[in-house]
Amino acid sequence: MSSRTTASGWLRGTTIRKGGASSSSNSTRHTTPQVQSTSSTIFGGGVKDPSGRTSEYFSMDDQCPVCKSDRYLNPKLRLLVSACYHKMCESCIDRLFTLGPAPCPICNKILRKLAFTPQTFEDLGVEKEVAVRRRIAKDFNKHREDFPDLRSYNDYLEEVEDITFNLINDIDIPETEARIAQYKIENAAVIELNAQRDEQYAQYLKEQEEADRLEREHRASELRRLEQEEQDEKEQSRQAIIDKLETSDKDAIKLVARSRAEALKRASAKTTTPAFQSSSRLLRSRAAQSTVIPDVPHVPLQDDWYAYEDMFTMRSNYDDPISEAVRKDREGIMRAGGYVVEEAWERALRSAVAGLDIPPLQGIRSADPEVLQETNTAVAAVS
Amino acid sequence: MTAAVSTPGASSSTVEKVPLYQGSTQYRHWRFSPEELVHTRVSLNAAAVRVIKDAFEADSLGSSTAVAFLDANEENLLVKLYIGKVSQLCGHFRFPEEVEATAVSYLKRFYLKNTVMDWHPKNVMLTALFLATKTTNHPISLEAYAHHIPKTAPSDVLELEFLVAQSLGFDFAIWHAHKALWGIWLDIQTLPDIRMDELRDAYDVALKHVRESRLTDAELIYTPSQIALTCFSLASPSLASAWVRSKHTPPASPPTPTSPPTPTSPSPIPETDILELIEPIKSMILQYGTMPDVEAVREVDRRLRLCKNPEKIVGSNAYNRKLEAKERKAAEKRARKAALARKAMEEGDPFGDTIGPQDLDDDDDDDDD
Chain A
53 MSSRTTASGW LRGTTIRKGG ASSSSNSTRH TTPQVQSTSS TIFGGGVKDP
103 SGRTSEYFSM DDQCPVCKSD RYLNPKLRLL VSACYHKMCE SCIDRLFTLG
153 PAPCPICNKI LRKLAFTPQT FEDLGVEKEV AVRRRIAKDF NKHREDFPDL
203 RSYNDYLEEV EDITFNLIND IDIPETEARI AQYKIENAAV IELNAQRDEQ
253 YAQYLKEQEE ADRLEREHRA SELRRLEQEE QDEKEQSRQA IIDKLETSDK
303 DAIKLVARSR AEALKRASAK TTTPAFQSSS RLLRSRAAQS TVIPDVPHVP
353 LQDDWYAYED MFTMRSNYDD PISEAVRKDR EGIMRAGGYV VEEAWERALR
403 SAVAGLDIPP LQGIRSADPE VLQETNTAVA AVS
Chain B
590 MTAAVSTPGA SSSTVEKVPL YQGSTQYRHW RFSPEELVHT RVSLNAAAVR
640 VIKDAFEADS LGSSTAVAFL DANEENLLVK LYIGKVSQLC GHFRFPEEVE
690 ATAVSYLKRF YLKNTVMDWH PKNVMLTALF LATKTTNHPI SLEAYAHHIP
740 KTAPSDVLEL EFLVAQSLGF DFAIWHAHKA LWGIWLDIQT LPDIRMDELR
790 DAYDVALKHV RESRLTDAEL IYTPSQIALT CFSLASPSLA SAWVRSKHTP
840 PASPPTPTSP PTPTSPSPIP ETDILELIEP IKSMILQYGT MPDVEAVREV
890 DRRLRLCKNP EKIVGSNAYN RKLEAKERKA AEKRARKAAL ARKAMEEGDP
940 FGDTIGPQDL DDDDDDDDD
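Protein sequences appear in the order of chains A and B. Basically my numbering = 1-based index in the first sequence + 52. Basically my numbering = 1-based index in the second sequence + 589.
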């Protein structure tokens, strides 16, 4: 069924809700996280992600605990959460609270219409905890630097955690509220200062992000431009070769070879300095952002081999029938694994001069007994 | 190829660098003097003959007197024939030169640790070649490989594989003369006034000589670059000496400041010495670089059939005896284990009691021989 309806729905351009309407009762987890933007509604609150949108929790199994209407009967059902963390649907809220504050139908706490918020988390306990922590963090915003030693900072953190825990689990609410009020009065100046500081830091981060984004965009456009230039150049040189071949009476192979060499020179001439610069700037700004110590590359082995570098000099090209097939391979099929003919040449050259002046051994030496012994015993064990 | 060598030293640049070839296993484990080669082969042969004689005598008294055992030279002759067979097989499978050269080296090295009378080169050759295809990154499926070789099952190839690898000491990387020859061909083009057609002819002839050199012991005595130079010198002495001269006059470009201190243990020998050094290789290639006479080898092979190690021939008395001994040992071990387990069960704890030194009997499975 689903494939057909999906197809037709897709053709009509309507939105298809995924997630089985059929899988009822037991688990909402699998069918759930449908996310809707509610930025246009009058209800504020809820938990916002960094981008500023509120993601609203939505499930196929939603049912209003007050009027018992569910999503099956009312597809537009929208459940909101009260200040006492009880869910009810929009129509119930309208019905009960339009005429002013009224008791919650579940716990009898006096509620107001505007205090209802959209639900973000499936578990209302989490919803509550997030809200409480947000409220607490607003006032209890001291940093490590505000304390003389680590001990007192830790005490402070513990106190904050205590208060939070009490609020979340409804333990000694009046007393806890009194503690908060007390703290607020005592630390009004510090709280204000820290709030400003945090705001500044957030602003700074935002700017940083913006700068990074601009940098990236700039680099991408630069890259596109270079690519385009290269393409043009290639096309031009190709045209030039064709023109030359038409007009000149010189040897065709020579002409092609020369223009190819020129192209190679041009390509090597414009090494990418701008890209390097920009990336280094990016790195600098990153370093300013974080105090992380730069990661020094770890070199596990030191390369103390003498590779006969002074015994030969590589030429850029050789007359070489052995590697001709690879070099002629335009599509690069044979070079797919990263084969570079220069490396093969270098290896061959190295091999040609390696140990050229090592005189052969003479006579019978007793050296290497352990190696021979090892192998002999190993072989004996098998046979 | 250049795996762990005796302490190449710390990171400081003042440390004397080890040349790459001197770090290779080929230099460290598989470099011999001619005398050593002879000595190794003769002593291996003598030891094998002794063992086999004992086996014959154990079978029936006095039966070994009539047997004409192979000597070291005859063994070598047989190996040489099968080196030629490797080339034929490689031509048939269209394997690249590297595979062929590697397989040949494996075969030669194997028979410096084992004797023909224990392991017939006919079988070892197939395994060595199969192993070489894998170590040189030209793999072929075992089924396809065995399918194209008459009277060979995949298991025949695999049976010996570990033995061969072990005999090689797992030194699979090999420096080849043909690669060095390629390097000479490339490098000689940097010399002034080189006529390409002359060079091309010389290279073709030299490559032929490199292939001949595989039939000799040259690679066990000399370095691949020396062999390649020899072959080139055989093809064109003038070009070869010009190249050697260019290697031993100071290079035209000023040496870079980072150039390493001259590391070779002996100071670089002048060109004349190198040319002298390769003289014996020349004669070696010219003298031994031919396929052995098939008739003579056939005679050797016929005798080998009579003097093979009876413990390695399936169905022979000695083989059966050895098998029996092995089984008896295994059965004993099993019985001992069962008894221990039963005892433990009766005592109530199925896992035995405390771990202690009460059973120090060796329960390893590799204690035959």
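Watch out, some of these pointers could steer you wrong.
In silico negatives: residues of chain A with every beta carbon more than 10 Å from chain B [claimed, not checked]: (1) D113; (2) Y124; (3) P153; (4) N239; (5) A240; (6) E244; (7) D264; (8) A272; (9) E287; (10) R290; (11) R310; (12) S320; (13) D372; (14) A400; (15) Q414; (16) R417.
BS3-like cross-link-like pairs, simulated, lysine-lysine; straight-line CA separation at most 30 Å [said to hold, decoys possible]: (17) K194/A with K161/A; (18) K926/B with K380/A; (19) K380/A with K674/B.
Since the hints were derived computationally from the structure, they do not count as laboratory data. No experiment lies behind these values; they were computed from the predicted model shown. Beta carbons are placed, not taken as given, at the ideal position from N, Cα and C, and that holds for glycine.
Against the structure, the hints:
Its beta-carbon lying about 52 Å from the closest one in chain B, D113/A satisfies the requirement of being farther than 10 Å from that chain. Listed as outside the interface, Y124/A is consistent with that label: its C-beta sits roughly 60 Å from the nearest C-beta of chain B, beyond the 10 Å cut-off. Non-interface status of P153/A relative to chain B is upheld: no Cβ of that chain comes within 10 Å, the nearest being about 73 Å off. Residue-level check passed: N239/A sits 56 Å from the nearest beta carbon of chain B, beyond 10 Å.
Look at A240/A: its CB is around 60 Å from the nearest CB on chain B, clear of 10 Å, so calling it non-interface holds up. Residue-level check passed: E244/A sits 56 Å from the nearest beta carbon of chain B, beyond 10 Å. A cut-off of 10 Å between C-beta atoms confirms that D264/A is not in contact with chain B; the least separation is 37 Å. At roughly 39 Å, the least C-beta separation between A272/A and chain B is larger than 10 Å, which holds for a residue marked as non-interface.
Taking the minimum C-beta to C-beta distance to chain B, about 34 Å, the non-interface status of E287/A holds against the 10 Å cut. With 10 Å as the threshold on Cβ separation, the claim that R290/A sits away from chain B holds: the shortest Cβ distance comes to roughly 30 Å. Interface exclusion of R310/A from chain B stands, the closest Cβ pair being 20 Å apart, more than 10 Å. Listed as a non-interface residue, S320/A keeps its Cβ farther than 10 Å from every Cβ of chain B; the least gap is roughly 20 Å.
In this structure D372/A is not separated from chain B by more than 10 Å, as the shortest Cβ-Cβ distance comes to only about 6 Å. At roughly 4 Å from the closest C-beta of chain B, the C-beta of A400/A falls inside 10 Å, breaking its exclusion from the interface. Once the 10 Å rule is applied to beta carbons, Q414/A is inconsistent with being away from chain B; the minimum gap is 5 Å. For R417/A, the requirement that its beta carbon stay farther than 10 Å from each beta carbon of chain B is not met, with the minimum near 7 Å.
For the hint pairing K194/A with K161/A, the CA-to-CA distance comes to about 33 Å; that exceeds 30 Å, so the pair is violated. At roughly 67 Å between alpha-carbon atoms, K926/B and K380/A are farther apart than 30 Å, so this suggested pair is violated. Restraint check for K380/A and K674/B: the C-alpha separation of about 34 Å exceeds 30 Å, so the hint is violated.
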